[in-house]
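Q: Chain B: place on chain A using the hints.
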Amino acid sequence: MSDPSRDEERRLVDRAKRDPREFGALYDRHFQQIYRFVYSRVREQTAAEDVTSEVFIKALKAMPRYQDTGRPFAAWLYQIAVNAIADRYRSLRPAQPLEDFHDLSVAGPAIEEQAAHRDEIRRIWSIVEELPAQQRTALVLKFQEDMKIEDIAVAMGKTPGAVKLLIHRGVSRLRDQAGALRPLE
Amino acid sequence: MSDRMDPMDPELNDVLGDPELIRIARLLSRTTMPEAPLDDAFKTGLRRQLMTEAWKSAEGGNAWWRKLFAPQGMAWAGAAAVVLIAASVVFYTATSPAGGLTQTVEIGSPQQDSPSVPIHQAILVSFNQPMDHASTENAVQVQPATTVAFRWGGDTQLYVQPTSGDLAPNTQYQITIGPGAKTLAGTKLDTPKTVTFVTQPVPTPTPPPSPSPKNNMLLTNQAQLTTAYPPSGTTYPPVWSADSKTVYFVGGGGALEAVPAAGGTAKTLVPDGVSLPAMAPAGDRLAFVRNGGIEILTLASGSTSDVAVTPAPTTLQWVKGKLEWGSSDGIFTVGDGGPVRIAADPTPDGTAISIAPDGAHAIFQVADSLSIVEVASGKSTNLCGGGCATTFEGWSPDGTRVVYGGVIATLTGRTISSLPGTSISWSATNEILLGSDTGLYEVRPDGSGLTRLADGTYDMPVWAPDSATLVFVRSGLWVATAPAPAPLPPATDQALTVVSDFMDARLKGNADHAQQYLDDAAKAIYNSGTPALIPTGDPSFKRFYVLTSEVDPSAANTVRVVVRMVFASGKDEKNTVEETLTLKREEATDPFLIDAVTASAPRDLGKGPEVIGVKITATEVDVTFDSDLVPTSVGGVTLQDSNGMTVNVTPGYSDRVVTLSGLQLTPGAHYRLVVLPTVLDVGSRHTASEYDLDLIGPAPDATSGGAAPSPSPSPSPSPSPSPAPSAGPSPSPT
Numbered sequence: 001m002s003d004p005s006r007d008e009e010r011r012l013v014d015r016a017k018r019d020p021r022e023f024g025a026l027y028d029r030h031f032q033q034i035y036r037f038v039y040s041r042v043r044e045q046t047a048a049e050d051v052t053s054e055v056f057i058k059a060l061k062a063m064p065r066y067q068d069t070g071r072p073f074a075a076w077l078y079q080i081a082v083n084a085i086a087d088r089y090r091s092l093r094p095a096q097p098l099e100d101f102h103d104l105s106v107a108g109p110a111i112e113e114q115a116a117h118r119d120e121i122r123r124i125w126s127i128v129e130e131l132p133a134q135q136r137t138a139l140v141l142k143f144q145e146d147m148k149i150e151d152i153a154v155a156m157g158k159t160p161g162a163v164k165l166l167i168h169r170g171v172s173r174l175r176d177q178a179g180a181l182r183p184l185e
Numbered sequence: 001m002s003d004r005m006d007p008m009d010p011e012l013n014d015v016l017g018d019p020e021l022i023r024i025a026r027l028l029s030r031t032t033m034p035e036a037p038l039d040d041a042f043k044t045g046l047r048r049q050l051m052t053e054a055w056k057s058a059e060g061g062n063a064w065w066r067k068l069f070a071p072q073g074m075a076w077a078g079a080a081a082v083v084l085i086a087a088s089v090v091f092y093t094a095t096s097p098a099g100g101l102t103q104t105v106e107i108g109s110p111q112q113d114s115p116s117v118p119i120h121q122a123i124l125v126s127f128n129q130p131m132d133h134a135s136t137e138n139a140v141q142v143q144p145a146t147t148v149a150f151r152w153g154g155d156t157q158l159y160v161q162p163t164s165g166d167l168a169p170n171t172q173y174q175i176t177i178g179p180g181a182k183t184l185a186g187t188k189l190d191t192p193k194t195v196t197f198v199t200q201p202v203p204t205p206t207p208p209p210s211p212s213p214k215n216n217m218l219l220t221n222q223a224q225l226t227t228a229y230p231p232s233g234t235t236y237p238p239v240w241s242a243d244s245k246t247v248y249f250v251g252g253g254g255a256l257e258a259v260p261a262a263g264g265t266a267k268t269l270v271p272d273g274v275s276l277p278a279m280a281p282a283g284d285r286l287a288f289v290r291n292g293g294i295e296i297l298t299l300a301s302g303s304t305s306d307v308a309v310t311p312a313p314t315t316l317q318w319v320k321g322k323l324e325w326g327s328s329d330g331i332f333t334v335g336d337g338g339p340v341r342i343a344a345d346p347t348p349d350g351t352a353i354s355i356a357p358d359g360a361h362a363i364f365q366v367a368d369s370l371s372i373v374e375v376a377s378g379k380s381t382n383l384c385g386g387g388c389a390t391t392f393e394g395w396s397p398d399g400t401r402v403v404y405g406g407v408i409a410t411l412t413g414r415t416i417s418s419l420p421g422t423s424i425s426w427s428a429t430n431e432i433l434l435g436s437d438t439g440l441y442e443v444r445p446d447g448s449g450l451t452r453l454a455d456g457t458y459d460m461p462v463w464a465p466d467s468a469t470l471v472f473v474r475s476g477l478w479v480a481t482a483p484a485p486a487p488l489p490p491a492t493d494q495a496l497t498v499v500s501d502f503m504d505a506r507l508k509g510n511a512d513h514a515q516q517y518l519d520d521a522a523k524a525i526y527n528s529g530t531p532a533l534i535p536t537g538d539p540s541f542k543r544f545y546v547l548t549s550e551v552d553p554s555a556a557n558t559v560r561v562v563v564r565m566v567f568a569s570g571k572d573e574k575n576t577v578e579e580t581l582t583l584k585r586e587e588a589t590d591p592f593l594i595d596a597v598t599a600s601a602p603r604d605l606g607k608g609p610e611v612i613g614v615k616i617t618a619t620e621v622d623v624t625f626d627s628d629l630v631p632t633s634v635g636g637v638t639l640q641d642s643n644g645m646t647v648n649v650t651p652g653y654s655d656r657v658v659t660l661s662g663l664q665l666t667p668g669a670h671y672r673l674v675v676l677p678t679v680l681d682v683g684s685r686h687t688a689s690e691y692d693l694d695l696i697g698p699a700p701d702a703t704s705g706g707a708a709p710s711p712s713p714s715p716s717p718s719p720s721p722s723p724a725p726s727a728g729p730s731p732s733p734t
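Heads up: the sequence lines are chains A and B, in that order.
Per the numbering used here: the first sequence = residues 1 to 185.
Per the numbering used here: the second sequence = residues 1 to 734.
These aren't lab readings, by the way, just hints derived from the structure by calculation.
Heads up, some of the hints might be wrong.
Cross-link-like lysine-lysine pairs, in silico, PhoX-like; alpha carbons within 25 Å at most [unchecked claim]:
| # | chain 1 | residue 1 | chain 2 | residue 2 |
| --- | --- | --- | --- | --- |
| 1 | A | Lys61 | A | Lys158 |
| 2 | B | Lys607 | B | Lys574 |
| 3 | B | Lys508 | B | Lys571 |
| 4 | B | Lys571 | A | Lys17 |
| 5 | B | Lys607 | B | Lys571 |
| 6 | A | Lys61 | B | Lys322 |
| 7 | A | Lys17 | B | Lys56 |
| 8 | B | Lys508 | B | Lys523 |
| 9 | A | Lys148 | A | Lys158 |
| 10 | B | Lys322 | B | Lys245 |
| 11 | B | Lys320 | B | Lys245 |
| 12 | A | Lys17 | B | Lys43 |
| 13 | B | Lys508 | A | Lys17 |
| 14 | A | Lys61 | B | Lys43 |
| 15 | A | Lys58 | B | Lys56 |
| 16 | A | Lys58 | B | Lys43 |
| 17 | A | Lys148 | A | Lys58 |
| 18 | B | Lys320 | B | Lys379 |
| 19 | A | Lys17 | A | Lys61 |
Simulated coverage check for chain A against chain B, where a stretch passes if three residues somewhere in it have a Cβ under 8 Å from a Cβ of chain B [stated by the list, open to error]:
| # | stretch |
| --- | --- |
| 20 | 38 to 45 |
| 21 | 74 to 83 |
| 22 | 153 to 162 |
| 23 | 166 to 172 |
Virtual Cβ for every residue (Gly too), placed ideally from N, Cα, C.
In isolation and in its complexed conformation, chain B is listed as follows:
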């Protein structure tokens, strides 16, 4: 009988006790508020206000103008001002009748030393006294060379913004006010003053936040199907009909029962003695063990056929419409003349406990160890030993992965990923349910996309074939509908997540953590010391960002990522090293591991225009620079094919981006981007040496490159405190 009562919070049972109080509490739980009316402008404005406060707080600790206007600072400043004025008047009247009071020009900026300035941010330079606009603007120098526009807030606040609109991402900027700048009183700067900061990566769309359930609302249609499951004693997982509409389970006394997933009365199909139920893939037959033999129930007719077997089966599995079973003697199937053994037990005292869905392998339990046997060859491999026998959880739908002891492993026992739970069900669409007494989670096999579906008791979840419906145990057998899983990210995004975590670990000096993202081949490379897994020395490893990433169409499940490591002495970034990381995975459901790495020679910064991002498609290569370029010099950006021949294309240029378009790149073919020293920035500077970047022709529909997420140490896409000025067009080539 279906019982659609709401699940009750166990805490309330404890608090309320009385059934009437619980009933009222349930009534309260079943009401929910409509969304409160919300003005989005308020939400955005409050965030901006908070971030402004945060910036002030973060920058204010050592900024002179913050201290000056702080209450305590104000008091001291007031006292100091009195003394200063008195002293100055005496000094002025005594010694300098023709002159005037002078004060050292100081500058400050909320962006000073920030590691993550938004690229849309205008840079605010504040002065401690009114400045002459023309001389100050003429004294501004921007590194990397950038054409900028100015806007003034009164005479003490100068906003600097690139005329192209945005700052370059992942770039350290230095905005210097040179000695030519004068105050309105005519005082010149005694020394150049510089504001230094690093910009954020290119903004990427924010993924929707992970849903967090209220009153189990992520799971819908929750209903209790029966209280006859699980029975006392041995429990066999329920099995689904092929159309996901009926659940079959073994209840008390070994009765085989069927209950509609939509709710209704359970129907007894076999009165007693049933174990190990297994549904044929077509959904027409249900096999089970009874009285030591196998019975196959044809569901349409209700007729049963027997298969006499010895010894008694310990596991059943349908393989391509044919029944196979395992026992202490090996793996069997039905031949023309009766049972045929297709694989022997690898040890005299082992017992088969599971056969893979594709029938290619089987698991044997030997004492407290698990062995995996290749059915065709009989070859066995010890999967794990010492207490792991009771933790075998199942197979991936294609039979290429096993789950035991909270890990997903290859058929050779190599761990692929860890799961935060052991009560699992792996769907046909590769979503894994993790059940427990306290909640239900969903996760992808590579460990990504972990989502809490509900709080409460959700034991022994079992997906239906539709990968949307599930049953679970909670004081009986329950059914529910899971939400559609989030779309799988592109392979490059999955690889970039690995690279980001790997580089973060290196940046923090955590070698053990970094090693987790390497396969044996890559470990050997880093263990050689070239390149160093944890760079040391001066300049020191300060930050990183992804230059480009692309799927390698010439190799399955392979992504290539070029990551740039920036090294600094103090806060001055000195040089960069590029590592080209090749990430691989055996199966599309596995997480990527770094398999190979090559490192470039160090390249000095501050010499001329540098490439900071490359985006490649089959027909176009976009090369983003950190500087504004002299348009007539971008012919120095070329593409070479695998024979070293220059691809015939005329580059276009706009807003720091050189575009090589009209290409027909061959998928999987090797190309080389070449940037010659003839490329000039708007300050007429060029790099000392050629820059080369190897690329691979992408698949026709693939897009990759620097626009992908490219983490920096602390890229927080928080809005900036300063309002972006509508800069008047007063270009100032620097």
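Chain A extracted, bound-state conformation:
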């Protein structure tokens, strides 16, 4: 079954490649996820705005050269975002407390169970923040942005195998450093 959402995206991309004035539709479609991702990495609103602006301006200018490789358009935007963040924030660490940042999703356990897990969640994500940048980015794209491994590979400029390795190493390191985590179920 073809993915109607992808077909629609291809149409939007084709139109934007032909006429940059059509880029607005792609912006509307992807702004929120790119901004959210950037913010998750830089944790500061002004910085997130600067980087997000850079991402979309670069994307607009590069649209004529964009090649559809079969991956979602968003993967390309993430790629620009990953590079922009790396360029500007290579030496910086997040400043905002982690507990302000990661909440249990609505798909998670009941409220009382959430409370019981909260410390564990904080621990895990605090370890994520200490992971090497590439492992950290791979985990965020996989678990927060819900991307497929092949799309993460595009975003990070790596092979799918390398992304798998980053995820495996990242999660393994979490296991090693988090110690005995309370079983979820």
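A: Same frame as chain A, but now just chain B:
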């Protein structure tokens, strides 16, 4: 036993392998970020900035002032300027002591040649040298005739905006700076300069974007009900209780089991040998086949009654509280003296495989073909042949449509729409679930409203009677709650979508695609060549827009759309042709098809005020023109009834719109809008001939007309790059 574990991304199982790593990954998946703090002004401002860049990029390829200020152009311009200045000084000092340097006046505009200028957009005309304001404003001419106000940005940028506020939609404008305009140095334009562009349709509210799931969040309350389903061997679809609270399924060994949809332990109702379970509409009895006969289980008491049948049933269906079944001998029901055959097998070797919910029809499989039998008459029709026997998917709830082989078809086998999947369930509220190994989709029967509900394995979905809960197969039987579907668009909007796609296909010259939106009657009309399906020649078909649309209250499931086709030579739009399209559908769940078309004679543009939109209600007709009108001339806009008598009404006028109000139009009655050549624009021009548009009196609560979506070739409601000026009131009738 209910197991509410999160579904795990199969990719991660492959990557992580180790259960502990998978557990940590699941923990990471179960956290989500709160929405990042976002300043809406930033989002809007960035979009505006991007669109400004986009406009510059789009227009800059051939605009002299862009090239001039581009880096490379700047270098060349600088070099050229040096040479020019040197040459000019020599020339000036040698030959023209009393004169001065002169330069040809050039103009440009970011709107030049744009096919979709927003109607709220002020038009920017840029000059290559400082201009005298008064003479330049007096030299501005706007076509169609429009009263405009001016604002200057310095001496080189002139903003032109209609005093009514907006430009007319769907209109080609030409803004001409005549030779009377002078520079501050006193140089006059040597020739008129014109900015040409086309405006967008009337903006319509943007529909909310299709939801895109993250971690299957569109489906809620996902939980595994049992691992005992599907059993090995033959699988029968689960059936729901009437209150949508219990799921009945046939598990291993043919055991009939019941499990609460809210989760809990499955209870065995019949230990073995059960097949073809069928729930009575009232939810009080469950019929099934066992030991070659039919058993009916009364759920409240647990008692079972037997119906002896021969040969063994191959399908069961409750029809209005009465059980019917099919076999290789035909269709049967329970009579006073036992089984009664109500329809025979159409062929000696056929087998009944399904009975419609209303009992009016049944499907028989004959080898690899499907036949549909009208139960009352026994008349059979071949539905499809050659490998289609295994793809029968089911019926619409009212039994008027069948689904097989990925299509929805009429009972005569005419395809209504195609579905992007074959594992379907059609709800009582006409929402279709499409399950697969990779995702779950929801779609309306006419193919519209396709929504991806979730990624992952969602096989064999079955709606509950509440049309909100569903079960599906994924390593066991799972339950979930689907989001409420988007409201069904009005019939006119559905018809306009068809018209838009049809006209787009014609505009692109794609006859095969365009034919898909025509029924046989309309195909015959277009095949006659009048009107042409794909117009050719010069002027050429350039764009289209919808003039008006209305539900025809005199005919069921019928919408009438008047679409205007614009023809141009080069970029100059020369004339228009109107096609009145009648769209019909048999059932409200079907997509519209174009059934009839009539075309008007070509009408020349640029002669005087033209109608560009008509909105009709039971009490009012609003007629929008492309030009500002002389208010005292709008009496030339009248409405005639079906006898040709003028309806007694005094028209009102404001901002290009003539309003005929206080009407009491008869639903379904025919009316004619008449615009006489006595109607004048503010340039005192009038059209050469009368304009007529036939209308139908709408239903009392219906609204239709030109404000509906009316696509142009590339209507992108993107914000415009130029800031809208707060034009000072310096009206300039043109």
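Q: Against this structure, judge whether each hint is valid.
A: Now the hints, each set against the structure:
Using a Cα cut-off of 25 Å, the hinted pair Lys61 (chain A) and Lys158 (chain A) holds, with the two alpha carbons roughly 23 Å apart. Pair hint Lys607 (chain B) plus Lys574 (chain B) holds up; C-alpha atoms about 10 Å apart against a cutoff of 25 Å. As the CA atoms of Lys508 (chain B) and Lys571 (chain B) are separated by approximately 17 Å, the hinted pair is consistent with the 25 Å bound. Pair hint Lys571 (chain B) plus Lys17 (chain A) holds up; C-alpha atoms about 23 Å apart against a cutoff of 25 Å.
For the suggested pair Lys607 (chain B) and Lys571 (chain B), the alpha carbons sit about 17 Å apart, so the restraint of at most 25 Å is met. For the suggested pair Lys61 (chain A) and Lys322 (chain B), the alpha carbons sit about 68 Å apart, so the restraint of at most 25 Å is broken. This hinted pair checks out: Lys17 (chain A) and Lys56 (chain B) have alpha carbons roughly 15 Å apart, not beyond 25 Å. Note on Lys508 (chain B) and Lys523 (chain B): the hinted pairing holds, with a Cα-Cα distance of about 18 Å set against a maximum of 25 Å.
In summary, the hint linking Lys148 (chain A) to Lys158 (chain A) is supported, as the alpha carbons are separated by about 13 Å, within the 25 Å threshold. Restraint check for Lys322 (chain B) and Lys245 (chain B): satisfied, since their Cα atoms lie roughly 23 Å apart, inside the 25 Å limit. Distance hint between Lys320 (chain B) and Lys245 (chain B) is fulfilled; the C-alpha atoms sit about 22 Å from each other, no more than 25 Å. Of the supplied pair hints, the one linking Lys17 (chain A) and Lys43 (chain B) holds, its CA atoms being roughly 22 Å apart against a limit of 25 Å.
Annotation: proposed proximity of Lys508 (chain B) to Lys17 (chain A) holds, straight-line Cα distance about 18 Å (limit 25 Å). Restraint check for Lys61 (chain A) and Lys43 (chain B): the C-alpha separation of about 18 Å stays at or below 25 Å, so the hint holds. Restraint check for Lys58 (chain A) and Lys56 (chain B): satisfied, since their Cα atoms lie roughly 15 Å apart, inside the 25 Å limit. Only pairs whose Cα atoms come within 25 Å are accepted, and Lys58 (chain A) paired with Lys43 (chain B) is accepted, the gap being roughly 16 Å.
Simply put, Lys148 (chain A) and Lys58 (chain A) have alpha-carbon atoms about 24 Å apart, close enough for the 25 Å limit, and the pair holds. As the CA atoms of Lys320 (chain B) and Lys379 (chain B) are separated by approximately 22 Å, the hinted pair is consistent with the 25 Å bound. Distance check on the hinted pair: Lys17 (chain A) and Lys61 (chain A) sit about 10 Å apart at the alpha-carbon level, within 25 Å; holds. With 3 residues bearing a CB less than 8 Å from a CB of chain B, the stretch 38 to 45 of chain A meets the requirement of three and the coverage assertion stands.
Only residues whose beta carbon comes within less than 8 Å of a beta carbon in chain B count, and the stretch 74 to 83 of chain A has 0; fewer than three means the coverage is violated. A count of 0 residues in the stretch 153 to 162 of chain A with a Cβ less than 8 Å from any Cβ of chain B is obtained; the coverage claim is therefore unmet, three being the minimum. Note: the stretch 166 to 172 of chain A has 4 residues with beta-carbon separation from chain B under 8 Å; the three-residue rule is met and the coverage holds.
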